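S.K.: Whole structure, please, built from the sequences with the hints as guidance.
Chains X and D supply the protein sequences, listed in that same order.
For the first sequence, this note's numbering gives the first residue as 2, with consecutive numbering after it.
For the second sequence, this note's numbering gives the first residue as 92, with consecutive numbering after it.
Quick caveat, the hints were computed from the structure, so don't treat them as lab data.
Just so it is clear, the structure is predicted and the values come from calculations on it, not from any experiment.
Check the hints yourself; a few may be wrong.
Here are the simulated lysine to aspartate or glutamate pairs, DMTMM-like style, with alpha carbons at most 25 Å apart [what the hints assert, rightly or not]: (1) X:21 - X:93; (2) X:21 - D:127; (3) X:21 - X:41; (4) X:21 - X:4; (5) X:21 - D:108; (6) X:21 - X:105; (7) X:21 - X:108; (8) X:21 - D:115; (9) X:21 - X:33.
Listed below, chain by chain, are the residues.
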Amino acid sequence: MPDLQVATRRAAEVVVVEPKGFINAHTVAEFEGVLNALVEAGDVRIVISGAHLSYVASAGFGAIMGLIEEARAGGGDIRVAALTGTVAHIFEVLGFDRLCRTFETEEQAVLSFGGN
Amino acid sequence: MRTEPAPLEIDVPATCECLSLVHEATRRAAIAEGFDPSAADEIAVAVGEAMTNVIEHAYRGEPGHSVRLRFRPGPEALRIELEHRGAAPTSLPAGVDLGRLARERRRGGLGVHLMRRLMDHVVHEESAGVGRWVLERNRPGSRPLES
Numbered sequence: 002m003p004d005l006q007v008a009t010r011r012a013a014e015v016v017v018v019e020p021k022g023f024i025n026a027h028t029v030a031e032f033e034g035v036l037n038a039l040v041e042a043g044d045v046r047i048v049i050s051g052a053h054l055s056y057v058a059s060a061g062f063g064a065i066m067g068l069i070e071e072a073r074a075g076g077g078d079i080r081v082a083a084l085t086g087t088v089a090h091i092f093e094v095l096g097f098d099r100l101c102r103t104f105e106t107e108e109q110a111v112l113s114f115g116g117n
Numbered sequence: 092m093r094t095e096p097a098p099l100e101i102d103v104p105a106t107c108e109c110l111s112l113v114h115e116a117t118r119r120a121a122i123a124e125g126f127d128p129s130a131a132d133e134i135a136v137a138v139g140e141a142m143t144n145v146i147e148h149a150y151r152g153e154p155g156h157s158v159r160l161r162f163r164p165g166p167e168a169l170r171i172e173l174e175h176r177g178a179a180p181t182s183l184p185a186g187v188d189l190g191r192l193a194r195e196r197r198r199g200g201l202g203v204h205l206m207r208r209l210m211d212h213v214v215h216e217e218s219a220g221v222g223r224w225v226l227e228r229n230r231p232g233s234r235p236l237e238s
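M.R.: Printed below as a string of structure tokens:
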């Protein structure tokens with residue numbers, strides 16, 4: 002099984018990105034490539050579902066940090082949902098909860114784009 | 092007379108492909124030392140950040156280098172060292188401004204900050220051409236990690 006698989010699906014005007022596995026400096030290119038392609042294509046309403054992530058190193062958070070203002074400039078945002086365990090804790094200790102809106106469930110995150 | 096246990100040492104190629112191996116070895120060592128799985132995960136992520144720093148900055152991504160990973164369990168803390176022969180960091184950031192980094196579209200600059208948030212003590216030492224990241228996490232029941 003690969004270290005990281007990244008699936009995407011559409012929910013209304015929003016693209017849900019679902020990485021499975023772990024994100025570190027070795028696997029981040031796969032994750033970042035998906036995010037880059039979405040933003041470049043104008044798909045700037047993005048929800049990252051963290052339900053199937055075992056851990057995320059700073060490289061993974063850096064990928065979000067490097068693109069979030071690009072998404073916002075295009076009228077969208079990158080929002081995060083369903084973080085658990087160590088991933089949720091690291092998100093918080095890094096202070097990402099102040100940079101990026103988070104939701105308990107993917108559905109809540111998708112619906113949040115209804116009112117921006 | 093009480094003697095310290097011999098440290099466990101592993102030499103690992105300084106490549107990103109080895110990051111998952113380092114993560115798993117660290118996680119298992121931390122659990123064997125009595126840390127709960129959640130704390131062990133955090134320690135493993137911090138050590139992965141130090142390893143990434145060595146690969147990307149000390150060795151600048153050049154192949155053919157290695158890192159010596161050393162676990163030193165102590166009575167108060169688990170100490171983990173990553174020894175390398177690459178360039179030492181010129182300075183360690185005191186903190187990060189995520190908003191500024193995001194506005195500048197930066198994708199890096201979080202590793203040292205994350206190490207410091209997850210561990211109780213983080214320094215980089217250098218002597219006689221050998222660089223060493225030293226990370227310590229207090230044992231459960233010792234001084235709590237600041238949140």
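S.K.: Now tell me, hint by hint, if it's right for this structure.
M.R.: Verification of the hints:
Pair hint residue 21 (chain X) plus residue 93 (chain X) holds up; C-alpha atoms about 20 Å apart against a cutoff of 25 Å. Annotation: proposed proximity of residue 21 (chain X) to residue 127 (chain D) holds, straight-line Cα distance about 23 Å (limit 25 Å). With a C-alpha separation of about 23 Å, the suggested pair residue 21 (chain X) and residue 41 (chain X) falls inside the 25 Å cut-off, and the hint holds. Between residue 21 (chain X) and residue 4 (chain X) the CA atoms are separated by roughly 8 Å; this keeps the pair inside 25 Å, and the hint holds.
This hinted pair checks out: residue 21 (chain X) and residue 108 (chain D) have alpha carbons roughly 18 Å apart, not beyond 25 Å. Our distance criterion of 25 Å between C-alpha atoms is met by residue 21 (chain X) and residue 105 (chain X), whose separation comes to about 18 Å. Proposed proximity of residue 21 (chain X) and residue 108 (chain X) is supported: the alpha carbons are some 18 Å apart, at most 25 Å. For a cut-off of 25 Å, the pair hint linking residue 21 (chain X) to residue 115 (chain D) stands: about 17 Å separates their Cα positions.
A hinted pair counts as satisfied when its Cα atoms are at most 25 Å apart, and residue 21 (chain X) with residue 33 (chain X) qualifies at roughly 14 Å.
Checked against the numbered hints given earlier, the structure satisfies every one of them.
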